[in-house]
Amino acid sequence: MRYLISRRITQVSIILLYMAANIWGVKILEGNLSSSLLLGTVPLSDPFAVLQMFVAGSIITMDIFIGALIITIFYALIGGRMFCSWVCPINIVTDAANLLRRKLGISAIQKRVYMSRNIRYWVLGLSLLLSFLMGLTAFELISPISILHRGLIFGMGFGLSVVLIIFFFDLLVHENGWCGYVCPLGGFYSLIGKYSLIRVAHNTQKCTECMECKVVCPEKEVLFMVGKSSETVEMGACTNCARCIEVCNDDALNFSIRSYINKNRS
Amino acid sequence: MQKSMMSDRRKFILGMARAAGLAGIGALVWSSVLEESVHASLLLRPPGALDEIDFLKTCIKCGLCVSACPYETLKLAAPGDKKPMGTPFFEARETPCYMCPDIPCVPVCPSGALDVASVTTDGVLDINLAQMGVAVVDPYACIAFWGIQCDACYRACPLLDQAIVLEYARNERTGKHAYLKPVVVPDICTGCGMCENACITEKASITVLPREVVMGRAGDHYVKGWDKKDQERVKNARGGITQTEISKRSAVDSLNDSSGLFE
Ligand code: SF4
Ligand code: SF4
Ligand code: SF4
Ligand code: SF4
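Chains as they are written, first to last, in my numbering: chain A, 60 to 325; chain B, 22 to 284.
Just so you know, the hints here were simulated from the structure itself, not pulled from any lab data.
What you are looking at is a predicted structure, and each value in this text was computed from that prediction instead of being measured.
Be a bit skeptical, because a hint or two may be false.
[Said to hold, decoys possible] If you anchor each label on the Cβ, the simulated ranges turn out as follows: (1) A:188 <-> B:72: 33 to 43 Å; (2) A:68 <-> B:45: 37 to 47 Å; (3) B:32 <-> A:84: 32 to 42 Å; (4) B:53 <-> A:254: 37 to 47 Å; (5) B:72 <-> A:165: 45 to 55 Å; (6) A:68 <-> B:39: 52 to 62 Å; (7) B:161 <-> A:97: 49 to 59 Å; (8) A:118 <-> B:257: 23 to 33 Å; (9) A:174 <-> B:266: 42 to 52 Å; (10) A:228 <-> B:209: 48 to 58 Å; (11) B:143 <-> A:64: 40 to 50 Å.
A virtual CB, placed ideally from N, CA and C, is assigned to each residue, including glycine.
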């Protein structure tokens, strides 16, 4: 529960800080997840949005470039795909859908629809291709992440319907459908965060092979080693949500700072 | 062994082809959605905005300009607004741009979609340079054109007597009154929408529209011969002829054409 609570606190307080800036002028975090100003000075920008701008042919300003660089470096070196489980507001929606899904046992009764985890990389590629061909930021103009996040800060419009579509998609069509398969931003951070330091590590000595971790993990493939070998999760798709750590009663999973000494030995 | 390798490869190629096909369909649907955002652009952008095409690719949709505006003029397009999603715009009839002298919305823009240079003279911000749009009067709905006195838009204009001037004309119907008709000077009008906001008719009779939509261009071969400076433009004139639908045929053919007249 510890991590779940800290994740929710992080997610919600980030949104509240943005809202506070817009509504009451408390200038800690201004703007939104696409681009913001931290404490009125440090620029932060969504590197994927900036990439689309670049491909579309926009002239990237220094502010935006530095902002994107800061975010990229943070996730690439430290956080991994943490954006997804610790920052993104859609995560609250899809987590809720998947919790309900488990409670209702939908995955058990539903005939599995086959979807490939690689769809997100195709969507990512298409975002860039369309941005290039049409001269606009293709994913940004339809992104449900931005729609929800902007909506909370600046007014929702019919944005709620988009959010509901994702909720029901995850609930009824495919487990973790949006975040685990479709979202190109998730794909983008999977690629960037592949070599980051914060990693989940598995210890087979302690593992009793109950496989609870694989039930809750939104990216089950990354836990292929569970019960087989003691390894650190290497795949970028891991969102560092720590659900597996919390659900494990045997203390076989934990966060580790990736140990490079171990890597060199093997 | 050989055979299974073959079929593996075939499977792989087929799989790739299927994925590529699906991606193609996805791209088609997606681009048609995007197409709408390009064409739905009859909207007013904040001061200093790049032209619409560059604006669409440059604005990162952060809303910093929206937060900076003290009058809550600017809004970010949400689903249902039928405007390019997440981009800032304003609706003059509801809340116009009040033309803050310090233009708080422009310097905060991190992406350069709002261009500080375009609203700066000699290093000083100058909101009067903004070109958000241009006001257009409907002479049939505007009651001043009827001869009833109204100068609400004229007085509301922050560039009083510059962007909107009054044209005086004799009212033949009464014989003893004057018309005071509002006329927009497009070169000076910033498109702030203060006039549209103030117009007293049921639906505004003066409307701000994007400049690209409203403004014409005469070209360099029409020249005011009586204006020495204008005369100099002749040397830019290219040999081109403006082609419209009607000018595709010769003038004589056009005049003699009676088809459609007697049916
Ligand atoms: S996959 Fe996309 S929507 Fe899901 S948490 Fe990550 S960024 Fe957000
Ligand atoms: S100039 Fe002032 S009123 Fe006009 S949009 Fe900018 S901040 Fe708002
Ligand atoms: S501040 Fe600039 S980038 Fe941000 S929404 Fe406004 S125009 Fe777009
Ligand atoms: S405020 Fe409206 S009705 Fe009055 S003069 Fe201006 S355009 Fe005409």
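Outcome of the hint check:
no.: 1; hint: A:188 <-> B:72: 33 to 43 Å; verdict: violated, 24 Å
no.: 2; hint: A:68 <-> B:45: 37 to 47 Å; verdict: holds, 43 Å
no.: 3; hint: B:32 <-> A:84: 32 to 42 Å; verdict: violated, 60 Å
no.: 4; hint: B:53 <-> A:254: 37 to 47 Å; verdict: holds, 38 Å
no.: 5; hint: B:72 <-> A:165: 45 to 55 Å; verdict: holds, 50 Å
no.: 6; hint: A:68 <-> B:39: 52 to 62 Å; verdict: violated, 43 Å
no.: 7; hint: B:161 <-> A:97: 49 to 59 Å; verdict: holds, 54 Å
no.: 8; hint: A:118 <-> B:257: 23 to 33 Å; verdict: holds, 28 Å
no.: 9; hint: A:174 <-> B:266: 42 to 52 Å; verdict: holds, 51 Å
no.: 10; hint: A:228 <-> B:209: 48 to 58 Å; verdict: holds, 52 Å
no.: 11; hint: B:143 <-> A:64: 40 to 50 Å; verdict: violated, 56 Å
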